[in-house]
Structure formats: C-alpha cells, structure tokens
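There are 4 protein chains.
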Amino acid sequence: MRPLGARTWVVAGGRIPPDSEGPEPELTSREELSILNTAADAVELTLTIFHADRDPVGPYELHVEGERVRRVRVNDLIDPEAVPLGRDYAVVVLASAPVVVQHSHLDSRRGGLSSYSTLAFPVE
Amino acid sequence: MRPLGARTWVVAGGRIPPDSEGPEPELTSREELSILNTAADAVELTLTIFHADRDPVGPYELHVEGERVRRVRVNDLIDPEAVPLGRDYAVVVLASAPVVVQHSHLDSRRGGLSSYSTLAFPVE
Amino acid sequence: MRPLGARTWVVAGGRIPPDSEGPEPELTSREELSILNTAADAVELTLTIFHADRDPVGPYELHVEGERVRRVRVNDLIDPEAVPLGRDYAVVVLASAPVVVQHSHLDSRRGGLSSYSTLAFPVE
Amino acid sequence: MRPLGARTWVVAGGRIPPDSEGPEPELTSREELSILNTAADAVELTLTIFHADRDPVGPYELHVEGERVRRVRVNDLIDPEAVPLGRDYAVVVLASAPVVVQHSHLDSRRGGLSSYSTLAFPVE
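If you're matching them up, the sequences are chains A, B, C and D in order.
Start counting the first sequence at 0; every next residue gets the next number (numbering that gives the first Met the number 0).
Start counting the second sequence at 0; every next residue gets the next number (numbering that gives the first Met the number 0).
Start counting the third sequence at 0; every next residue gets the next number (numbering that gives the first Met the number 0).
Start counting the fourth sequence at 0; every next residue gets the next number (numbering that gives the first Met the number 0).
Simulated from the structure, these hints should not be mistaken for lab results.
The model shown is predicted, which means the values in this text are computed figures rather than measured ones.
Built from N, CA and C at the ideal position, the CB exists for glycine as well.
Take these hints with a grain of salt, some might be off.
Some chain B residues well away from chain C (every beta-carbon gap over 10 Å; in silico) [as the list claims (entries may be wrong)]:
id : residue
1  : E25
2  : D52
3  : Y115
Between beta-carbon pairs, the in silico distance windows are [claimed, not checked]:
id : chain 1 : residue 1 : chain 2 : residue 2 : range
4  : A       : D40       : C       : E80       : 48 to 56 Å
5  : C       : D78       : A       : S95       : 49 to 57 Å
6  : B       : P22       : C       : L93       : 36 to 44 Å
Not the full set, but computed from the structure, chain B residues with beta-carbon under 8 Å of chain C [claimed, not checked]:
id : residue
7  : M0
8  : V100
9  : Q101
10 : R108
11 : G110
12 : G111
13 : S116
Sequences and hints are given; from them, build the entire structure.
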C-alpha cells in the first residue's frame, strides 16, 4: 500500500494520570501514541517532548517497520529521560515518511476506567 | 444528497478491550466503524487490518446502501479472519465513492462504562 | 468577528444510549450538537438524519443567533420525527453561513458517567 | 523548531460540569485548553468566550513562552469575568503566531471519572 498520512504530527494536550488502580500493566494509567506505517519501507521517528516550565527534551527515537502499527506508552519513553506523571506535556513527531498518529489516554484511578483517544494534528 | 467525505480513511489506534462485564450484546466491550454514505448509490468498501507483529490482513469487504449509515463491530469482522481482542491494530478503509468514517470504542470492564469516538483520518 | 468554520458538517457515528440513571435532565443519557456562530448575523441550519435501515429524515430546522453558541439535544429533535434511542444514526448539517459543529455524548447507565465529544467532519 | 499549527482555533462544545467529587484541585471537574508553542518566540493569545444567551465576553489574554506548552483551566479564566459552570460556551482563540490547541474535559461527579479531549478546529 502507498504511504498514507503526514510526516509531522502534534499532540498538545498530554498528561499521564499520576496514579493507577488495578492489575498492571493492563490497567496502568497511561498515555500512548499509535503510529501506523502503511508503506512497505520502515519509518524512523523523532519525538520531541515539550514541557510547561522547562526546555523541550529529545530526540526520542522510534522505529516502525513497514506495514505495521506500533503503539508506544509515553510512560515507557525513558531515553533521554522519562516523561513525568501528572505533568503537562506535548509531543511533536517527525517521521521520515508519511504515517498516521493517534494519541490515547487511560485513567484507572478511583476503581473505574476513563479513556479517550484523539487524532494528533497533522502539519503539512 | 451529493456524496460527502473522502474515499480513503485511516484509524491508527485500534484495540478492542479484552474483557466485558454486563449483558451482551449491549454492553460487550467493542470497537466499531460507522460509515455514512450520503449519496443515492451504494458504496463498496475494502478494509485492511494492520497489526503490530505480522503482515496486514484483508481485504474485508463491506457494502453500504445509498443514503444509509452502517455501523460495524470490529469484533464481528471475521472474514478473512477475526481481529484479536486486546491487541493493537489499525484500519485503512478504501471506498468506491466518498463516505465519512468514525471509530468508536466501548469498554465495560470493572462494572462501569468507558467510551470514546473519533473521526478517522481522511486521506486526499 | 468574521464567520468562522464551514457550511457543511457531517457526524457519522451517532447513537443515543437507550437508558439513563440519575436525575433528569442533568444526567439523562444524550447526544448533543453544539453549533457556534461567530458572525453578527443569524444562521439557519438544515439537518438531515440518516438511519441504518430506512430513508433519511428531514429537514430538521434550527436557528442560531449571531455571536451565539447553541447546544441542542438530539433527543429533543422531534419535528418531523423523533430520533430513536439506541439506534445508529448520522447527521448532515447544512448552514446558511459558516459555523463550527461539535458532537457530544453522555451515557449515565450503570450509575456512572461516560462521555465523549468530537468535532464533526467539515466539508468544503 | 519552526512554528507549527494555526493562528485561529475554535472550540464549539464547551460546558464545565457543575459539580465535583473528590480532592481538589486534582479531581475538580474542569475544562482545559492546552496550547503548544513550538517556536522560539513567545506567543500572545486573545480568547473570546461565546455564550448561549448573551453577547460574547473578552478579550481573555494569555501568554505562552517559546518552546512551552501551557494548559489553562477554563474554570480559572476570571478576567474580564468567570466562565459559569454548567452552562454552554464556546471559545475562539486568536494567536500572534501559529500554535496547536486542544480542549480537555474532566467530570468527577458520581464518584467516578469521565474525561475526553479533542483538538480544537483550526481556521486558515
């Protein structure tokens, strides 16, 4: 299939819930990036994490094989440094070829579940 | 009414919750695709399901009559094969004429309800 | 302020939860359309409701004053006929001047709350 | 990084839940605007709040430093006047340079959590 999507995507409203209730890792509060690469060739991604009160951190590097979807927990991005829980952040994703990026949120506090998912904003 | 929408739509962030609580089918955890065909003529759709760790699967074929909305549970897509619960997937929808595609999620675990719905990403 | 938005908007994934728990009308399960008219002049809207198994119904007519937001419960659209609870529907909104349209969902079943909101799809 | 996004953004479907349950401020029911400024220079924002039954109110002024994300509770916008809880509102954001704007909602009524987040609508 041909490459679908855009090479730059932005998520402005990140914040990982600071606590979790329930079995890990299935019900760990989290935020995730889902990246779809529809083309045959692998794609290299460079993520920059923006913060409220200090300079951006990056690059975080990701690799997505051809014709694969990859879903990454923001909680697990630790190189060059972990993204703090319960703090506002934003992400800019730069890709070496077109991809589609979606951002998902799960909050397991209070013994329930609250979740949402939104498309990232594509820049042309 | 004239055809509205686009012929290619992408959902990057699919994952059907692995468990459900409550009466079926109303409260079965699920993900769904809603496809609106505003035009008089029927539309043929070809879906490809992308996975994290193996080649894409398809085509899944759907038919939407003219001037109808059709909402399909991803859980019910079984030909050529079922989409596994609790696993990351993505979908590319190719339509024979413009449609609008929305992706919805319902999670009935823990005795509650958590839901979201997002537009798919239209490709031009 | 100048008119902002588009004159045609589409929501593909409508379905009003069939039951509610809690005090009405605050916690009645519902879906809503929010329409923002940023311009000085009033806008006239024509809604068409699409169904899964029968012809579209309309026009439903709405009026939004200049420089006002109007949020309408789909549950309350009764002329020419009510939109059935628990059934799939879609909406096409045609406006006499640019507006912005958002679709919201609240489900109060099971003694909790589940909600989401998405931009409608703008057609150019 | 270069400026990413748009200079005008619209949220049509605002309404802050009227009540909260749980510790403040972490679980206070709220709506928030997240604004990402990817460029080196600071951005000035002018917000106008639209209401259902009276004239728009503004300007609300915000400042976002270069290379920072800023997340603001709509509940905390008090100059020139507070945004009422439990009432429909909309927001137009005008920025002095491109930004990305996302709108988030958290409802802590009934002892649970319900949340969603959507991109604002970018105007070109």
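Please check whether V100/B passes as an interface residue: C-beta within 8 Å of a C-beta belonging to chain C. holds (6 Å)
Proposed interface contact between M0/B and chain C, which counts if any beta carbon pair is under 8 Å = Holds: closest Cβ of chain C sits about 7 Å from M0/B, inside 8 Å.
Can G111/B be said to touch chain C, with a Cβ gap under 8 Å? holds (5 Å)
D78/C versus S95/A beta-carbon gap, inside 49 to 57 Å or not:
holds (54 Å)
Regarding the hint that Q101/B lies at the interface with chain C, is the smallest CB-CB distance below 8 Å?
Constraint on Q101/B satisfied, holds at 3 Å.
10 Å Cβ clearance of E25/B from chain C: Non-interface label fails for E25/B: nearest chain C Cβ at 8 Å, not farther than 10 Å.
**Study point:** Restraint satisfaction for G110/B [CB to CB of chain C, less than 8 Å]
**Key:** With a closest approach of 7 Å, the G110/B hint holds.
Discussion item. Can you verify the interface hint for R108/B: is its Cβ closer than 8 Å to any Cβ in chain C?
Written reply: violated (12 Å)
>> So, as I understand it, the hint says S116/B touches chain C; can you test that by seeing if any CB pair is closer than 8 Å?
In response: At 5 Å from the nearest chain C Cβ, S116/B passes the 8 Å test, so the hint holds.
Does the Cβ distance between P22/B and L93/C fall inside 36 to 44 Å? For P22/B and L93/C the Cβ distance comes to about 39 Å; the hint holds.
Regarding the assertion that Y115/B does not contact chain C, is the least Cβ-Cβ distance greater than 10 Å? Its Cβ does come within 10 Å of chain C, the nearest being 5 Å, so this is violated.
Honestly, do D40/A and E80/C meet the 48 to 56 Å range at C-beta? holds (52 Å)
Checked against the numbered hints above, the structure breaks hints 1, 3, 10 and satisfies the rest.
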